[in-house]
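Given the coordinates of chain A, assemble chain B onto it according to the supplied hints.
Protein sequences appear in the order of chains A and B.
At position 71 of the first sequence (counting the first as 1) the number is 71 in my numbering, and the numbers step up by one without a gap.
At position 49 of the second sequence (counting the first as 1) the number is 49 in my numbering, and the numbers step up by one without a gap.
Hints were generated in silico from the structure; no laboratory data involved.
As the structure is a computational prediction, the values presented were derived from the model and not from experiment.
Built from N, CA and C at the ideal position, the CB exists for glycine as well.
Treat the hints with care, since some could be wrong.
Said to hold, decoys possible - Chain B regions said to be covered by chain A (calculated; three or more residues, Cβ under 8 Å):
| id | segment |
| --- | --- |
| 1 | 8–17 |
| 2 | 72–82 |
Said to hold, decoys possible - Distance ranges between label pairs, derived from CB positions:
| id | chain 1 | residue 1 | chain 2 | residue 2 | range |
| --- | --- | --- | --- | --- | --- |
| 3 | B | Ser105 | A | Ile60 | 28 to 34 Å |
| 4 | B | Glu67 | A | Arg9 | 36 to 42 Å |
| 5 | A | Ser67 | B | Ile44 | 36 to 42 Å |
| 6 | B | Leu79 | A | Arg9 | 47 to 53 Å |
| 7 | A | Val14 | B | Gln14 | 27 to 33 Å |
| 8 | B | Lys107 | A | Ile77 | 28 to 34 Å |
| 9 | A | Asp53 | B | Gln14 | 51 to 57 Å |
| 10 | A | Leu83 | B | Asn38 | 25 to 31 Å |
| 11 | A | Asp62 | B | His73 | 23 to 29 Å |
| 12 | B | Ser105 | A | Gly17 | 16 to 22 Å |
| 13 | A | Ser10 | B | Lys66 | 24 to 30 Å |
| 14 | B | Glu67 | A | Thr15 | 44 to 50 Å |
| 15 | B | Ile27 | A | Glu79 | 28 to 34 Å |
| 16 | A | Ser54 | B | Leu13 | 41 to 47 Å |
Claimed, not checked - DSBU-like mimics (lysine-lysine), calculated; alpha carbons at most 30 Å apart, straight line:
| id | chain 1 | residue 1 | chain 2 | residue 2 |
| --- | --- | --- | --- | --- |
| 17 | B | Lys66 | B | Lys3 |
| 18 | B | Lys5 | A | Lys57 |
| 19 | B | Lys107 | A | Lys57 |
| 20 | A | Lys65 | A | Lys18 |
| 21 | B | Lys103 | A | Lys18 |
| 22 | A | Lys57 | B | Lys60 |
| 23 | B | Lys107 | A | Lys11 |
| 24 | B | Lys5 | B | Lys66 |
| 25 | A | Lys65 | B | Lys95 |
| 26 | A | Lys65 | B | Lys5 |
| 27 | A | Lys57 | B | Lys66 |
| 28 | B | Lys103 | A | Lys11 |
| 29 | B | Lys3 | A | Lys65 |
| 30 | B | Lys107 | B | Lys66 |
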Amino acid sequence: EAAVTQSPRSKVAVTGGKVTLSCHQTNNHDYMYWYRQDTGHGLRLIHYSYVADSTEKGDIPDGYKASRPSQENFSLILELASLSQTAVYFCASRNWGTSYEQYFGPGTRLTVL
Amino acid sequence: GDKVKQSPSALSLQEGTNSALRCNFSIAATTVQWFLQNPRGSLINLFYLVPGTKENGRLKSAFDSKESYSTLHIRDAQLEDSGTYFCAADYNQGKLIFGQGTKLSIKP
Numbered sequence: 001e002a003a004v005t006q007s008p009r010s011k012v013a014v015t016g017g018k019v020t021l022s023c024h025q026t027n028n029h030d031y032m033y034w035y036r037q038d039t040g041h042g043l044r045l046i047h048y049s050y051v052a053d054s055t056e057k058g059d060i061p062d063g064y065k066a067s068r069p070s071q072e073n074f075s076l077i078l079e080l081a082s083l084s085q086t087a088v089y090f091c092a093s094r095n096w097g098t099s100y101e102q103y104f105g106p107g108t109r110l111t112v113l
Numbered sequence: 001g002d003k004v005k006q007s008p009s010a011l012s013l014q015e016g017t018n019s020a021l022r023c024n025f026s027i028a029a030t031t032v033q034w035f036l037q038n039p040r041g042s043l044i045n046l047f048y049l050v051p052g053t054k055e056n057g058r059l060k061s062a063f064d065s066k067e068s069y070s071t072l073h074i075r076d077a078q079l080e081d082s083g084t085y086f087c088a089a090d091y092n093q094g095k096l097i098f099g100q101g102t103k104l105s106i107k108p
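Here chain A stands alone, though its shape is the one from the complex:
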């Protein structure tokens, strides 16, 4: 089973500040994803990547950037954090070809004040 870790596990940021959320996976998966979850709702896809040094927009990319410097690492960047970006952020990974099953990290709770 894939091991996906996220850091930090929680963060308080100020409006207008820059926030970087990090994700690391140790199972050599090709694909990585960033989702956000708002209280009482399901997850929504922000960005994803299928190879290092390349990222793709998901369903709700506005206000977010992503970076995939290596196969193991995938970051989500909020250049100018806003109140509406308060949420829990989940990273996920999956392999290519054999199965599309995604494995999720423990989440990062972000509060923007």
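Quick look at chain B alone, frame taken from chain A:
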């Protein structure tokens, strides 16, 4: 409208009883995943389904791509089954669309 609709939105069961959760899709889902989000917020993988059925202990799930729905059956519910159940449809190269979740409470 919602591309993945889960029902019911909430459910309360007595320990030892059975239940069925459902997801209806308005997109062409190729595979479906079911997750349990526990009270700590972690997402636990329950099932990954291509069209067909799978069973794991007291849990059984089915995915019918032609009729665009999936079900999750819980048999002999236990206290540790409490949490929020999510289905998610893969619609394009592993991009998942999640339902809104079913909050399940098990009472002793």
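Against the structure, the hints come out as follows:
{"no.": "1", "hint": "8–17", "in the structure": "violated (count 0)"}
{"no.": "2", "hint": "72–82", "in the structure": "violated (count 0)"}
{"no.": "3", "hint": "Ser105/B with Ile60/A: 28 to 34 Å", "in the structure": "holds (30 Å)"}
{"no.": "4", "hint": "Glu67/B with Arg9/A: 36 to 42 Å", "in the structure": "holds (40 Å)"}
{"no.": "5", "hint": "Ser67/A with Ile44/B: 36 to 42 Å", "in the structure": "violated (28 Å)"}
{"no.": "6", "hint": "Leu79/B with Arg9/A: 47 to 53 Å", "in the structure": "violated (26 Å)"}
{"no.": "7", "hint": "Val14/A with Gln14/B: 27 to 33 Å", "in the structure": "violated (47 Å)"}
{"no.": "8", "hint": "Lys107/B with Ile77/A: 28 to 34 Å", "in the structure": "violated (44 Å)"}
{"no.": "9", "hint": "Asp53/A with Gln14/B: 51 to 57 Å", "in the structure": "holds (54 Å)"}
{"no.": "10", "hint": "Leu83/A with Asn38/B: 25 to 31 Å", "in the structure": "holds (28 Å)"}
{"no.": "11", "hint": "Asp62/A with His73/B: 23 to 29 Å", "in the structure": "violated (39 Å)"}
{"no.": "12", "hint": "Ser105/B with Gly17/A: 16 to 22 Å", "in the structure": "violated (38 Å)"}
{"no.": "13", "hint": "Ser10/A with Lys66/B: 24 to 30 Å", "in the structure": "violated (43 Å)"}
{"no.": "14", "hint": "Glu67/B with Thr15/A: 44 to 50 Å", "in the structure": "holds (46 Å)"}
{"no.": "15", "hint": "Ile27/B with Glu79/A: 28 to 34 Å", "in the structure": "holds (31 Å)"}
{"no.": "16", "hint": "Ser54/A with Leu13/B: 41 to 47 Å", "in the structure": "holds (46 Å)"}
{"no.": "17", "hint": "Lys66/B with Lys3/B", "in the structure": "holds (16 Å)"}
{"no.": "18", "hint": "Lys5/B with Lys57/A", "in the structure": "holds (24 Å)"}
{"no.": "19", "hint": "Lys107/B with Lys57/A", "in the structure": "violated (42 Å)"}
{"no.": "20", "hint": "Lys65/A with Lys18/A", "in the structure": "holds (11 Å)"}
{"no.": "21", "hint": "Lys103/B with Lys18/A", "in the structure": "violated (34 Å)"}
{"no.": "22", "hint": "Lys57/A with Lys60/B", "in the structure": "violated (34 Å)"}
{"no.": "23", "hint": "Lys107/B with Lys11/A", "in the structure": "violated (34 Å)"}
{"no.": "24", "hint": "Lys5/B with Lys66/B", "in the structure": "holds (16 Å)"}
{"no.": "25", "hint": "Lys65/A with Lys95/B", "in the structure": "holds (17 Å)"}
{"no.": "26", "hint": "Lys65/A with Lys5/B", "in the structure": "holds (29 Å)"}
{"no.": "27", "hint": "Lys57/A with Lys66/B", "in the structure": "holds (29 Å)"}
{"no.": "28", "hint": "Lys103/B with Lys11/A", "in the structure": "holds (26 Å)"}
{"no.": "29", "hint": "Lys3/B with Lys65/A", "in the structure": "holds (25 Å)"}
{"no.": "30", "hint": "Lys107/B with Lys66/B", "in the structure": "violated (36 Å)"}
Checked against the numbered hints above, the structure violates hints 1, 2, 5, 6, 7, 8, 11, 12, 13, 19, 21, 22, 23, 30; every other hint is satisfied.
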